[in-house]
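**Q** The primary structure of each chain is shown beneath.
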Amino acid sequence: MPELIDLAERIAADARPGEQVEAYVGWQRDTDVRVYDGDVESLSAAESAGVGIRVVVGGRQGFAYVGDLDEPHAREALAEARDNATFATVDDHAGLAHPDGVTPADLQLWAPGADTWPTPDKIALALDLDRAARAGDPRIRQVVSADYGDALSEAAIATSTGIRATTRRTTCYVSADVVAGTGDETQTGVGYSVGRDPSDLDVAVAARDAVERATRLLGATKPKSTTLTVVLDPRVTATLLAILSGALSGEEAAKGRSMFAGRLGEQVGAGLLTLVDDPTDPRAFGAARVDAEGLACRRTVLVDGGRLTGFLYDTYSARLAGAASTGSAVRAGFKSGPGVGARALSLTPGHLDRDAVLRTVGDGLLVQDISGVHSGVSAVSGDFSVGADGLLVRDGAIAEPVREMTIASTLQRMLQAVVAVGNDVEWLPGNAAGMTVAIADVAMSGA
Amino acid sequence: MASSATMLVEPDVVEATLARALARGGEFAEVFVEDRRSTAISLDDRRVEELSSGRDRGAGIRVVVGDTTGFAHTADLSPSGLLAAAEAASAVARSGGPGPRPVALEGRHVPSPNRVDLLPETVEKARKVALLTRADQAARAAGGAVGQVTAGYGDSRRRILVANSDGVLVEDDQVRSRLSVMCVATGDTGLHTGYDSLAHTVGFELFDRHAAEDVAAEAARRALVKLKARPAPSGVLPVVIKSGTGGILFHEACGHGLEADHIAKDASVYTGRLGDRVASPLVTLVDDGTVTDEWGTAAVDDEGRPTQRNVLIQDGVLTDYLWDHLRARKERRASSGNGRRQSYRHLPMVRMTNTYLLAGDAEPDDLVASTPRGIYVAQLGGGQVNTATGDFVFGMVEAYLIEDGRITEPLRDANLIGNGPDVLHKIDGVANDFDMCPGTCGKDGQSVPVGCGQPTLRISGVTIGGTAGA
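Taken in order, these protein sequences are the chains called A and B. Going letter by letter, the first sequence gives residues 0 to 446 in numbering that gives the first Met the number 0. Going letter by letter, the second sequence gives residues 0 to 469 in numbering that gives the first Met the number 0.
If you're looking for bench data, these hints aren't it; they were derived computationally from the structure. One should not assume that every hint holds.
What the hints assert, rightly or not - Below 25 Å or equal to it, Euclidean Cα-Cα: the simulated DMTMM-like pairs (lysine to aspartate or glutamate) are:
| hint | chain 1 | residue 1 | chain 2 | residue 2 |
| --- | --- | --- | --- | --- |
| 1 | B | K329 | A | D136 |
| 2 | B | K425 | B | D360 |
| 3 | B | K124 | A | D38 |
| 4 | B | K442 | A | D91 |
| 5 | B | K442 | A | E40 |
| 6 | B | K264 | A | D440 |
| 7 | B | K329 | B | D66 |
| 8 | A | K223 | B | D265 |
| 9 | B | K227 | B | D403 |
| 10 | A | K254 | B | D365 |
| 11 | A | K254 | B | D44 |
| 12 | B | K264 | A | E184 |
| 13 | B | K264 | A | D91 |
| 14 | B | K124 | B | D44 |
| 15 | B | K442 | A | D82 |
| 16 | B | K264 | A | D368 |
| 17 | B | K264 | B | D275 |
| 18 | B | K425 | B | D365 |
| 19 | B | K124 | A | E18 |
| 20 | B | K442 | A | D29 |
| 21 | A | K223 | A | D183 |
| 22 | B | K124 | A | D82 |
| 23 | B | K329 | A | D36 |
| 24 | B | K442 | A | D31 |
| 25 | B | K124 | B | D34 |
| 26 | A | K223 | A | D440 |
| 27 | B | K264 | A | D82 |
| 28 | B | K442 | A | E46 |
| 29 | A | K221 | B | D365 |
| 30 | B | K227 | A | D440 |
| 31 | B | K264 | A | D136 |
| 32 | B | K264 | A | E46 |
| 33 | B | K227 | B | E408 |
| 34 | B | K442 | B | D34 |
| 35 | B | K442 | A | E18 |
| 36 | A | K221 | A | D82 |
| 37 | B | K227 | B | D427 |
| 38 | B | K329 | A | D38 |
| 39 | B | K425 | A | D183 |
All figures in this text were calculated on a predicted structure; none of them were measured in a lab.
Chain A on its own, in the form it takes in the complex:
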C-alpha cells in the first residue's frame, strides 16, 4: 500500500532543525463471524486506520495520534506531539531509531488473494465448526460460540533519522467455546486453529480440542492440598513464557523492575532451559520482518542452558543499558508509541513427547488451564499463584480430573525446578510457542 508510506514520509519530512519526527501509519481490515445454534449471530466487517506521531526534541519526547488517514488531521497531531514534547523531562537516552544495516528476513506473511476471500466461505467455516463441535460428543450441551475471524493489516514507519519500513500480514482463526455437562455438572473447553490463510485452518482439530478439553474434566473434584510436580499443557507453557518476557525486557531490567535485573551471566534456570525470541521464524504467529520502530526483527538468545544471556531492547532501552537494539520494539497500534516486547518466544524442545514426559514424572498434575494470571503472577517479585484445573497423573498415566485449586511457587524456583521439556512444539496465537513442560515442587491448594 504505497499511500501509507507516502503519508508517513511526508509527515517525517516536516521535522524542524534539531527535531526528530517519526510517523507510524497503520491500517487494518477485520472480518468477524460468530455462529450460534446453527445460525449467524453476528457478522462484522470493518476497516480502521490511523497515524501515531512521535517527536523528540532536546531529549524530550511527545506523542499524539489520530484515528483516520486524513493528512490535515495528521499534521494537527504532529503539532500536538510537538507541544506534548515540551512537557517531558529531558532524557539523554531519548531518541528515534537510526538504520542499523540489518536486512529484514525474507518472510511471506501476507496470504495472496487475502483481500478477495469470499465472506460466504468465512461464514461456512464458522458453521462447520459449530456443527463439528456439537457432534463431537453426546455430552456437549452448548456450543456457546463458534467464531471465524481474520485481520489484514499493514503499517508504514518513516522517520527523519532515515528509517523507512513497511510491513503487512494476514492472520485468521477459528475458535469454539463449548459447554459439556452431565446432570448438574458443567465443564467448559475452548479449541482453536490459527493461520495466515483460511486454507491453513483445521476446523476438525479446533472442534476436537474444545470437546476433549471440556469432556475430560467432567467428574472433576477439588483435590487435597499437597506439593507435587506439575506438567504444563503447551498453552499453559506459552502463557508462562509470555509472563517471563516481561522480566526479560531490557527496559524493566535497567529500571530495576525485573527479577532478572543485574543477573546477566548467572544460572537462572535448569540446564535444559534454552529460551530464544526469534520473530524471523516463519512458523511463529508473531513472526515479523521489522519491529515497531522500523528495525529488522532478529533472533535473540535470552537463556542458554539455564544461564541468562540477554535481554530484549528497543532503541530507548538499549541506550539506557548501553546495549544495541535487538529489534524488539512493539506497539499496540497507532494509538501508542513503542515499548519493548517479545514476538516469538520458544524453548528449545527436548526429546520426549507428552506421554513420555508423563512417564518420567510418574505422579503429579497435568495442568490444562490456569486463571488469574494478571492478578497472581508478578515478573517483578516472581510471586506465582494461579487458579488451575487439569488431570492428576498417577504411575505415569493420566488419572482423574480435578478443579477449583491453585498452584503456587515463585518463577525463580520454577525455572530451577524444570525437570522435562517436551518435543511437542505448538505455535499459538500470542508471542510464544508452547510445549509440554514439567516442573517439580509446586504447591497445590485445594480442599
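Once you have looked at the hints, place chain B on chain A.
**A** Just chain B now, with coordinates in the frame of chain A:
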C-alpha cells in the same frame, strides 16, 4: 436536547443512515457515533516520560434481522461515509427487502448523574504533569526502600450519539479522570510492588478533592509492607475482606454469571435460578449505572438506554439478570441499561456498570475479632471467572494473617480460588461500612470502565493459593 448545531451528526443524516440500514429488510437498526479525545502522561524513573494525546471518532452501525446482527464501522462521518457503512452492515439481510424505510427520531435529553466542574481539555498540561511529579516525590518520601515509582495520569472525554429505528435519539458526554501509582520496594526478600489508583467520572476537579500525594503514599506503603511479608498459606481458611476493592469478588463470583447473554446460552450457573436462594441472606447485590461520579456511571448506556439501579440479589434471593437491547427484545422486556461497548468499533453486549453489595449491621472490627485464625485482605487485585462452572479466582495484593482475632503478619501476593454460588452462601458477616473502587472489566476482547463496591465482610472458608502450610 442540545441544539443540533453541536450534535456529533445532524439528525437528518442519522435518519437517512437508518433508513438505508433497513432497506434490505432489517428489523432493527442503530447508529452509534463516538468522538473521543484523551490525554495520558507517564512518569517513570523520576522522569516525565511522555505526554500523549489523541482523537478518535467514527460510527458503528448495526442491523438486526431475526437472530442475526450485521455490523460495520467507519471513521468517515460524512453522509456518504455513513451510508456506505449502513450498506455494509445491512448485508446480513439477504432477503432483498422493501427499500429505504423512513425512521422518525425523537430527541431526548437524559440528564447526566455526573457533574463536571473543570473540563480536562481546559486545564494546562503543566498542571497535569505537576500531579505526577508531586506523586513521585510523595512516594519516595515514604521510605528509602522505594526504589522505583511509575505514575500515570489520564483523562478522556467521550461524546456519544445513539439513534435507532425505534426512534431513540440521545447524546451523552462522558468525562473521566484518573491517577495511578505503582511503587517497587527493594529488600532482603527481593522486589515487591504496591499499587493504588484514583479514578472517577468527573473532570480535573477530582484533584482538588483528593491529593495525588495520598495515592502515592498508599502505593508506597503497600510495597513497603511486603518487605516483611511471609508466603501466604495454602488451604482453606476464613477470610475477612476490607470494604472497597472486595467488590471485585461480586463482580467475578456472580456479576458475570448474571449477564443475560450467558444466561440465554445456558453458559451460566445462574440460568433458570430466578427466585432461588443463591446467597447468604446477608447478601443484597445491586448494579447501578447512576451512582454519581463513579467509574462505571453514565447518563445512558451505549445503546441509548438511560442507566438505572438494578437489584440482582435481594436478601440472598436471585431477583433479576442484567440486560442489553438484543437480549431484552428477545424476552419481550425492557433493557436494564447494561448494553455497553469499548468504542464505535465494537458491538455492544451485556456489561456491568457499578456493582456493589449493600452494607449490613456488623462492626468491621468485630468480624476480625471473632475470627480465631484466618486472612485479612486489605486490597484485592483483579480476578477472573468461568461463568459456566462458577469457578473464579481473585488476587490478594495486600493481605495479613488473622491470629486470635487480631491482624498480624503481612503476606506475599497470592490468588484465592472459589466457586461463586458456594462462596455467596458462605458469607457469614457483613459490616456497616462501605467503599467503592474503580476497575477495568474485560469481556470477549472489549474493555470498559466499571465500579465495584462492598462493605467489610467475612467468608467462612475460601481456598488460599499460597505455598506455606495452613
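**Q** Decide, hint by hint, whether the structure agrees.
**A** Against the structure, the hints:
A distance of roughly 29 Å separates the Cα atoms of K329(B) and D136(A); the hinted pair therefore is violated under the 25 Å criterion. For the suggested pair K425(B) and D360(B), the alpha carbons sit about 17 Å apart, so the restraint of at most 25 Å is met. Restraint check: the Cα-Cα separation between K124(B) and D38(A) comes to about 51 Å, which exceeds 25 Å; the hinted pair is violated. Pair hint K442(B) plus D91(A) does not hold up; C-alpha atoms about 41 Å apart against a cutoff of 25 Å.
Proposed proximity of K442(B) and E40(A) is supported: the alpha carbons are some 17 Å apart, at most 25 Å. A hinted pair counts as satisfied when its Cα atoms are at most 25 Å apart, and K264(B) with D440(A) does not qualify at roughly 40 Å. Distance check on the hinted pair: K329(B) and D66(B) sit about 9 Å apart at the alpha-carbon level, within 25 Å; holds. Straight-line distance between C-alpha atoms of K223(A) and D265(B) comes to about 30 Å, which puts the hinted pair past the 25 Å bound.
Restraint check for K227(B) and D403(B): the C-alpha separation of about 20 Å stays at or below 25 Å, so the hint holds. Simply put, K254(A) and D365(B) have alpha-carbon atoms about 43 Å apart, too far for the 25 Å limit, and the pair is violated. Of the supplied pair hints, the one linking K254(A) and D44(B) holds, its CA atoms being roughly 7 Å apart against a limit of 25 Å. Distance check on the hinted pair: K264(B) and E184(A) sit about 16 Å apart at the alpha-carbon level, within 25 Å; holds.
The suggested pairing of K264(B) with D91(A) is violated, with an alpha-carbon distance near 56 Å, which exceeds 25 Å. Straight-line distance between C-alpha atoms of K124(B) and D44(B) comes to about 20 Å, which keeps the hinted pair within the 25 Å bound. Distance hint between K442(B) and D82(A) is unfulfilled; the C-alpha atoms sit about 36 Å from each other, more than 25 Å. With a C-alpha separation of about 22 Å, the suggested pairing of K264(B) with D368(A) holds against the 25 Å cut-off.
The suggested pairing of K264(B) with D275(B) holds, with an alpha-carbon distance near 19 Å, which does not exceed 25 Å. With a C-alpha separation of about 17 Å, the suggested pairing of K425(B) with D365(B) holds against the 25 Å cut-off. Of the supplied pair hints, the one linking K124(B) and E18(A) holds, its CA atoms being roughly 21 Å apart against a limit of 25 Å. Taken as a hint, the K442(B) and D29(A) pair is honoured in the structure, with Cα atoms around 19 Å apart against an allowance of 25 Å.
For the hint pairing K223(A) with D183(A), the CA-to-CA distance comes to about 23 Å; that is within 25 Å, so the pair holds. In summary, the hint linking K124(B) to D82(A) is supported, as the alpha carbons are separated by about 10 Å, within the 25 Å threshold. Under the criterion of a C-alpha separation no larger than 25 Å, the hint pairing K329(B) with D36(A) is consistent with the structure, at around 15 Å. Distance hint between K442(B) and D31(A) is fulfilled; the C-alpha atoms sit about 16 Å from each other, no more than 25 Å.
This hinted pair checks out: K124(B) and D34(B) have alpha carbons roughly 21 Å apart, not beyond 25 Å. Proposed proximity of K223(A) and D440(A) is supported: the alpha carbons are some 15 Å apart, at most 25 Å. A threshold of 25 Å between alpha carbons decides the hint, and for K264(B) with D82(A) the separation of about 51 Å lies outside it, so the pair is violated. For a cut-off of 25 Å, the pair hint linking K442(B) to E46(A) stands: about 22 Å separates their Cα positions.
Straight-line distance between C-alpha atoms of K221(A) and D365(B) comes to about 31 Å, which puts the hinted pair past the 25 Å bound. The straight-line distance between the Cα atoms of K227(B) and D440(A) is roughly 24 Å, inside the 25 Å bound, and the hint therefore holds. The suggested pairing of K264(B) with D136(A) holds, with an alpha-carbon distance near 18 Å, which does not exceed 25 Å. Of the pairs offered as hints, the one joining K264(B) and E46(A) is violated, with about 30 Å between alpha carbons and a cut-off of 25 Å exceeded.
Of the supplied pair hints, the one linking K227(B) and E408(B) holds, its CA atoms being roughly 8 Å apart against a limit of 25 Å. Restraint check: the Cα-Cα separation between K442(B) and D34(B) comes to about 23 Å, which is no more than 25 Å; the hinted pair holds. A distance of roughly 42 Å separates the Cα atoms of K442(B) and E18(A); the hinted pair therefore is violated under the 25 Å criterion. A C-alpha spacing of about 58 Å is found between K221(A) and D82(A), which places the hinted pair above 25 Å, so the restraint is violated.
This hinted pair does not check out: K227(B) and D427(B) have alpha carbons roughly 31 Å apart, beyond 25 Å. Using a Cα cut-off of 25 Å, the hinted pair K329(B) and D38(A) holds, with the two alpha carbons roughly 16 Å apart. With a CA separation close to 20 Å, the supplied pair K425(B) and D183(A) stays within the 25 Å bound.
Of the numbered hints given earlier, the model fails hints 1, 3, 4, 6, 8, 10, 13, 15, 27, 29, 32, 35, 36 and 37; all others are met.
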